[in-house]
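Letter by letter, the chains look like this.
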Amino acid sequence: MRYLPLNEDDRAAMLARIGVSSIDDLFADIPAKARLDGLIEGLPPHASEMAVERHFTDLSRQSLSAGDAPFFCGGGAYRHHVPASVDHLIQRSEFLTAYTPYQPEIAQGTLQTLFEFQTQVAQLTGMDVANASLYDGSTATAEAVHMAARITRRRKCVLAPGLHPHYAQTVQTAVQGETMDMQVMTPAMGADAGVVDALDDQTACIVVQSPNVFGELVDLEPLAKAAHAVGALLIAVTTEVVALGLVKSPGEMGADIVAAEGQSIGNGLSFGGPYVGLLACRNDRKFIRQAPGRFAGETVDEAGKRGYVLTLSTREQHIRREKATSNICTNSGLCTLAFSIHLALLGEVGLRKLAALNHARACVLADRLDALDGVQVLNQSFFNEFAVRVQGNASQIVEDMAKAGVLGGIPAARLFGTGKFDDVLIIAVTETNRDEDFDALVATLAEAL
Amino acid sequence: MAMNSTGRPTAPTGDGLCPDDLKTFSGSRGLMQQEPLLHEVGAPEKCGVDLPDVPEHTARLGGLERDKTIGLPGLSEPEAMRHYVRLSQRNYAIDLGLYPLGSCTMKHNPRLNEKLARLPGFADVHPLQPQSTVQGALGLMAELSDWLVAITGMDAVALPPKAGAHGEWCGMMCIRAAIEERGELDTRRRVLVPESAHGTNPATAAACGFEIDELPADATGRVDMEILRTKIGPDVAAIMLTNPNTGGLFERDIREIADLVHEAGGYFYCDGANLNAIMGKTRVRDLGVDAMHINLHKTFSTPHGGGGPGAGPVVLSKRLSNYAPLPYLVRNGDGWALIEEATQSEAKPFGRMSAFHGQMGMFVRALAYMMSHGADGLRQVSEDAVLNANYLLARLSEEMSPAFDGVCMHEALFDDAFLKDTGVTTLDFAKAMIDEGYHPMTMYFPLIVHGAMLIEPTETESKESLDRFADSLLLLAKMAKSGDTARFTAAPALAPLRRLDETRAARTPVLRWKATDA
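Keeping their order, the protein sequence lines are chains A and B.
Numbered by numbering that gives the first Met the number 0, the letters in the first sequence go through residues 0 to 448 in order.
Numbered by numbering that gives the first Met the number 0, the letters in the second sequence go through residues 0 to 517 in order.
Only chain A is shown next, with the shape it has when bound in the complex (with noise of 0.2 Å):
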């Protein structure tokens, strides 16, 4: 077995230096109606890393890989050329086979990371602060509508019409075991405003996605200003963060606290995870005391030295039990790694150009498209991603142009359930989408109509 180093010598001078005669007096504990004596049933034994290696590359075979395509699924996920050295460097001994930093004296390399993580974080979405990360978009949703609950003690919750319902589904099973009176305002294009109408002074929170799940860009400055208005809060919702290289942050529009996916820099589709959550939020006291999850903060140590630490861990299940913010321990280290790399080599000039790129071929698309018959860019306003109202069933219009190996888009039945949204699809477009891919696009769909 290439991964145990002991060998049957080793085995037995342990074995003699504990005392016990057998591995089975360590096991001893179990009891004997529930100790297994064959090996496990069912299993295969042990394989070589070709005999491994060949099962996986066969079983990747079997699926259309979105490079292998004209790929133009979104709805959450994105695909953005990620540079070869961010693999590389999140590769590294040093951070790939490091703990949570519970030692900073010799985890500096993965604390300092986390903190230009969480100022380029607050800087992304305009926000004071952000932590160090929670599983992914969705999940920051829900501790954020926890979080606004608990700086407001109001248990009156609004989900905005254009939110993911993937993420609206998240929300409602978080708050399962709490009593928040939940409004989930019915999906809708171009409605996202009307959350200000479900506002009174019992709301402890608005939750509003720009863009949204029909990739609508939302003014979100009016509505935070009714929310205050009434004493509650408004939590920002992004689930493509590349668009907050040209469109206003948030935080700038009035949000107090931002939820967003982060997958969309630095990390690949990965089939849905993992991904990376982001959560910022106003440097308030009350706020910061009330956040999930982790936060690397700057100290010194004895000889006067900068340094970092976790810190604020009296908020954190580890310390404070069943009275913690959040249970959450392990997060997505990795990913925020990899996330903080490739935005540092994009830097403000990289990210604000390869915004543009996106929004521009989006552009170029949406107005092949709008061109077609039987085609329709329902969007007044978006980022890199819009619907389109189709002549015919979306979801069998995209099988159709699968089998044709083309990957054109998400129905928008996939996300709402069938009834609603039968006839909608939303296409996202990237920098990775080459005019030949609008092509492949525009004629398999014609074909597909």
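A few of these clues could be false.
Simulated pairs of lysine-lysine, DSS-like, Cα-Cα distance not exceeding 27 Å [what the hints assert, rightly or not]:
#1 K419/B with K477/B
#2 K419/A with K402/A
#3 K322/A with K285/A
#4 K67/B with K224/A
#5 K155/A with K322/A
#6 K513/B with K285/A
#7 K67/B with K513/B
#8 K304/A with K22/B
#9 K513/B with K304/A
#10 K513/B with K45/B
#11 K155/A with K224/A
#12 K347/B with K419/A
#13 K45/B with K67/B
#14 K230/B with K322/A
#15 K462/B with K477/B
#16 K155/A with K285/A
#17 K317/B with K32/A
By construction, these hints were calculated from the structure, which means they are not laboratory data.
Just so we're clear, the structure is a prediction, and the values are computed from it rather than from any experiment.
Got chain A; can you put chain B on it based on the hints?
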């Protein structure tokens, strides 16, 4: 003096400065390079990415264009490599040495698994692609499920949870849903949690809306059965028990505990953090468990990555299988289908835990690990993990004080009795280990032991490595007892930084860089 052919000395001359006294002009110290913050070395105009020109277009941003700068620093690629490689060198890691962090299972991370997780059929597929185009990825999830079910003997597995705590929440929400269906949600309020439990257990039970009732340990470090019997009643929703427990001990009475809870109408949630000790030696099903999460990043070696990502699939008994969250896999002819909506479901899923289907990248790595080991290897893993821990327990007991009598499972727990009257604390002892080139063990946990030191070597340490580690710790223990406290209270002296002021960090939080600080 020895010279080579060009007259260059080939041996040290012995007249150098003591390294502690040597102040350098650069701030670097040999291989330990000085490295400021990204925001100090980077600049807004720098960029390490080449992008094509932006085509002509009419913007459709709805008047929401950004008009302010973000302030993000950029780096060229060579500068980025230096920044991150230098920072990496300030981290301890499994690949550098023994990482005996109890309860965390810091074992070797095979690189084959990294390679396979990057295959395009797993890494470059979208969670919402047509299901007909992701049959390989779904097939992998099905295979992983089969392995987890075989290892535990349970009836079903829920793959969505993204880490251990998320898995606990998944299992407890299944229990909540079952209780709700029985119409007992208002009366079954109490969850029993041992004092020795990970903090996530009580935090999870609270997040599900339950009340927490703590169970003390008996003198042997296990659940006190007398007290448990008095606490069992019709208002008990569940017990959350880690087994082997956080003291590294197997709960001998586990079947009786399960029976007591079941007879009272409650459920048994097992925290699977320590599965590494019992794989192939017992099946969780045979212990009477109803739900257990499995930390793929511990037992099945997906890398810890500086704190994540993890994955926490939950195995479920028949009584709970029906409540597993969305989405879940079902057979569909020759292939697989994902049930993503409650309306498509014949079961009663308690809800949705996150946007997509779980930690695919971790699934690939964990399955590769399992297949590499096979049924024989997985059992050997547990045997060697337990053997290594007991070997350290035996050797270290010469100078250190074991918290409990007898053998342990995969981790050895010591208290600070051996440091009594030495002036050296558990923290000091741990920091002195850093100077010896080791990552300290888990300190001050579990809470039931004074000055706890929890040592988990894992099965991927050789005997030689364990001996070197034990030799170092024994010498440290002797030195502490001999009165050399200064060495401990001043430790670490040889790490990149000395002890850090955590009080200051918490009292005046500085959580980000700001331009004014520059």
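Hints, one by one, checked against the model:
1. K419/B with K477/B: holds, 13 Å
2. K419/A with K402/A: Roughly 25 Å separates the two Cα atoms, so the pair holds.
3. K322/A with K285/A: Holds, at roughly 16 Å.
4. K67/B with K224/A: holds, 21 Å
5. K155/A with K322/A: Roughly 21 Å between the alpha carbons, so the hint for K155/A and K322/A holds.
6. K513/B with K285/A: Answer holds: K513/B to K285/A is near 21 Å, not above 27 Å.
7. K67/B with K513/B: Holds: K67/B and K513/B sit about 16 Å apart, inside 27 Å.
8. K304/A with K22/B: Roughly 14 Å separates the two Cα atoms, so the pair holds.
9. K513/B with K304/A: At roughly 18 Å apart (the allowed maximum being 27 Å), K304/A and K513/B satisfy the hint.
10. K513/B with K45/B: holds, 19 Å
11. K155/A with K224/A: holds, 18 Å
12. K347/B with K419/A: holds, 23 Å
13. K45/B with K67/B: Holds, at about 18 Å.
14. K230/B with K322/A: holds, 22 Å
15. K462/B with K477/B: Cα-Cα ~22 Å, so holds.
16. K155/A with K285/A: Holds, at roughly 19 Å.
17. K317/B with K32/A: holds, 20 Å
The structure is consistent with each of the numbered hints, conforming to all of them.
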